[in-house]
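Asks: Here is how the chains run, residue by residue.
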Amino acid sequence: MISTFPDVFRSSLGKLKLLPFGFVVVAGVFSSYWTTAIAATSPQRVQIEGEIIDTWCYVTEIMGDAQGTAHHLCAVWCAIGGIPVSILGDDGQVYMVLRVENEDTNVANPTIVKIQTHKVIVDGDLYERDGVKYLFVDQVADDKGVVNLNHEDYGIIPFGE
Amino acid sequence: MRIFSKLLVTSVFSLSVALGTAHAANEWGIEHEEAKELDGKVVDLACELSGNCPANCGDGKRQLGLLLEDGTLYPVVKGGTNFAGGTDDLIGQCGKSVHVDGLLIKDPLMTIYFVQRIKSKETGEWSKANQWGKSWKAANPGKKLGRWFREDPIVAKIVDESGKLGIPGLVYVEE
Chain A
13 MISTFPDVFR SSLGKLKLLP FGFVVVAGVF SSYWTTAIAA TSPQRVQIEG EIIDTWCYVT
73 EIMGDAQGTA HHLCAVWCAI GGIPVSILGD DGQVYMVLRV ENEDTNVANP TIVKIQTHKV
133 IVDGDLYERD GVKYLFVDQV ADDKGVVNLN HEDYGIIPFG E
Chain B
11 MRIFSKLLVT SVFSLSVALG TAHAANEWGI EHEEAKELDG KVVDLACELS GNCPANCGDG
71 KRQLGLLLED GTLYPVVKGG TNFAGGTDDL IGQCGKSVHV DGLLIKDPLM TIYFVQRIKS
131 KETGEWSKAN QWGKSWKAAN PGKKLGRWFR EDPIVAKIVD ESGKLGIPGL VYVEE
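Taken in sequence, the protein lines are chains A and B. When the letters of the first sequence are read in order and numbered with the numbering used here, they come out as residues 13 to 173. When the letters of the second sequence are read in order and numbered with the numbering used here, they come out as residues 11 to 185.
The hints are simulated quantities; they were obtained by calculation from the structure and are not laboratory data. Since this is a predicted model, take the numbers as computed values, not measurements. Backbone N, C-alpha and C fix where the C-beta goes; we use that ideal spot for every residue, glycine too. Treat the hints with care, since some could be wrong.
As the list claims (entries may be wrong) - Result set (DSSO-like, lysine-lysine): computed pairs, CA atoms no more than 30 Å apart in a straight line:
no., chain 1, residue 1, chain 2, residue 2
1, A, Lys145, B, Lys46
2, B, Lys51, A, Lys145
3, B, Lys138, A, Lys131
4, A, Lys126, B, Lys144
5, B, Lys147, A, Lys145
6, A, Lys131, B, Lys106
7, A, Lys156, B, Lys46
8, A, Lys156, B, Lys167
9, B, Lys138, A, Lys145
10, A, Lys126, B, Lys167
11, B, Lys174, A, Lys126
12, B, Lys147, A, Lys126
13, B, Lys71, A, Lys126
14, B, Lys46, A, Lys126
15, A, Lys145, B, Lys154
16, A, Lys126, B, Lys154
17, B, Lys154, A, Lys131
18, B, Lys167, B, Lys51
19, B, Lys51, B, Lys154
20, A, Lys156, B, Lys138
21, B, Lys153, A, Lys145
22, B, Lys147, B, Lys167
23, A, Lys131, B, Lys144
24, B, Lys154, B, Lys174
25, B, Lys106, A, Lys126
Said to hold, decoys possible - Chain A is nowhere near these chain B residues, computed Cβ spacing over 12 Å in every case:
no., residue
26, Asp111
27, Lys116
28, Lys131
29, Gly134
30, Glu135
31, Ala148
32, Gly173
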């Protein structure tokens, strides 16, 4: 069958009629993507149990296994120096703490500096974005104090004193 | 293990001292690190995520991050002073675009950025990201910046109260 010019024209017109439907589909896809993007930044209620740690030393491992009494002093230095504090969860994940209860600051915050290395259970909001788990703690449900006594194995890291 | 740890710390310390004379981001040999210059807007992390936004990114009391043009958010956790963060280096640029140089560490546990240099928009000159140390030195005249963590009065008070191990009365004596 040979298509004439009018046939092709009519066929094209038919396709044009589908354009609005196409726009609706594309808009739907973008809308779905946008909704997903927003959902990715929405918080999730969580309860985390773990040890308060120094984010930099633990993630980079420049001080070896940066936790427990062996690394407590260094963790205090880093917290006073303004490096973010995290919780090393019992699940092995690291949660960067951006708020503790009613405190509105998170750089060298006195409350969190004083509980370095403590084993805690906290309730809060978890935001996950671009490879980071951010935690906004609204309640420290339990503070067991320092329980990870690893200094007998490792000494005091760094410098040995 | 202890000797290895001390050697490692000494090496890291030497590297960080060398940072003061370097002309590009210094690599630290950290797994997953990449020397990386970034363009981004300085943001208050808590504000960016939760909408709780005090004036001027919290005036240096809030952790800061870099928001890239494509929407990627990186927390800036480390600055050029030993054992100190990068907030003091970036707070003056709250809400503004900056060009920085440093180490981007995409560890599976957490992605973090170590800012080492900041480029001035006005002059195009690089400056070292060591504002925390400058501020500490100004607040503690006569004390040695290289030993700030030993001589800082707030650290000293905490150690007095809870000891070097975090438990009052518990002392470690190296055998």
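Asks: Each hint: holds or not?
Replies: Results of checking the hints against the structure:
The hinted pair formed by Lys145/A and Lys46/B meets the criterion: a straight-line CA distance of about 22 Å does not exceed 30 Å. Between Lys51/B and Lys145/A the alpha-carbon distance is near 20 Å, which keeps this suggested pair within the 30 Å criterion. At most 30 Å may separate the alpha-carbon atoms for a hinted pair to count; Lys138/B and Lys131/A exceed this at roughly 37 Å. A C-alpha spacing of about 25 Å is found between Lys126/A and Lys144/B, which places the hinted pair at or below 30 Å, so the restraint holds.
Distance restraint check for Lys147/B and Lys145/A: the Cα-Cα separation of roughly 33 Å exceeds the 30 Å cut-off, and the hinted pair is therefore not satisfied. Note on Lys131/A and Lys106/B: the hinted pairing is violated, with a Cα-Cα distance of about 38 Å set against a maximum of 30 Å. The suggested pairing of Lys156/A with Lys46/B is violated, with an alpha-carbon distance near 40 Å, which exceeds 30 Å. Taking the CA atoms of Lys156/A and Lys167/B, the gap is about 22 Å. The hint holds against a cut of 30 Å.
Restraint check for Lys138/B and Lys145/A: the C-alpha separation of about 29 Å stays at or below 30 Å, so the hint holds. Note on Lys126/A and Lys167/B: the hinted pairing holds, with a Cα-Cα distance of about 11 Å set against a maximum of 30 Å. This hinted pair checks out: Lys174/B and Lys126/A have alpha carbons roughly 12 Å apart, not beyond 30 Å. The hinted pair formed by Lys147/B and Lys126/A meets the criterion: a straight-line CA distance of about 23 Å does not exceed 30 Å.
A hinted pair counts as satisfied when its Cα atoms are at most 30 Å apart, and Lys71/B with Lys126/A qualifies at roughly 17 Å. At roughly 34 Å between alpha-carbon atoms, Lys46/B and Lys126/A are farther apart than 30 Å, so this suggested pair is violated. Of the supplied pair hints, the one linking Lys145/A and Lys154/B is violated, its CA atoms being roughly 36 Å apart against a limit of 30 Å. The suggested pairing of Lys126/A with Lys154/B holds, with an alpha-carbon distance near 24 Å, which does not exceed 30 Å.
A hinted pair counts as satisfied when its Cα atoms are at most 30 Å apart, and Lys154/B with Lys131/A does not qualify at roughly 34 Å. Taking the CA atoms of Lys167/B and Lys51/B, the gap is about 36 Å. The hint is violated against a cut of 30 Å. At roughly 34 Å between alpha-carbon atoms, Lys51/B and Lys154/B are farther apart than 30 Å, so this suggested pair is violated. A distance of roughly 41 Å separates the Cα atoms of Lys156/A and Lys138/B; the hinted pair therefore is violated under the 30 Å criterion.
For the suggested pair Lys153/B and Lys145/A, the alpha carbons sit about 37 Å apart, so the restraint of at most 30 Å is broken. The hinted pair formed by Lys147/B and Lys167/B meets the criterion: a straight-line CA distance of about 18 Å does not exceed 30 Å. For the hint pairing Lys131/A with Lys144/B, the CA-to-CA distance comes to about 34 Å; that exceeds 30 Å, so the pair is violated. With a C-alpha separation of about 21 Å, the suggested pair Lys154/B and Lys174/B falls inside the 30 Å cut-off, and the hint holds.
Restraint check for Lys106/B and Lys126/A: the C-alpha separation of about 33 Å exceeds 30 Å, so the hint is violated. Asp111/B, annotated as away from the interface, keeps every beta carbon of chain A farther than 12 Å; the closest lies near 18 Å. Lys116/B, annotated as away from the interface, has a beta carbon of chain A within 12 Å; the closest lies near 6 Å. For Lys131/B, the requirement that its beta carbon stay farther than 12 Å from each beta carbon of chain A is met, with the minimum near 24 Å.
Residue placement check: Gly134/B keeps its beta carbon more than 12 Å from all beta carbons of chain A (closest about 28 Å). Against the 12 Å criterion, Glu135/B stays outside the reach of chain A, whose nearest CB is about 25 Å from its own CB. No beta-carbon of chain A is positioned within 12 Å of the beta-carbon of Ala148/B; the least distance is around 15 Å. Not every beta carbon of chain A lies more than 12 Å from that of Gly173/B, the smallest distance being close to 8 Å; the non-interface claim is violated.
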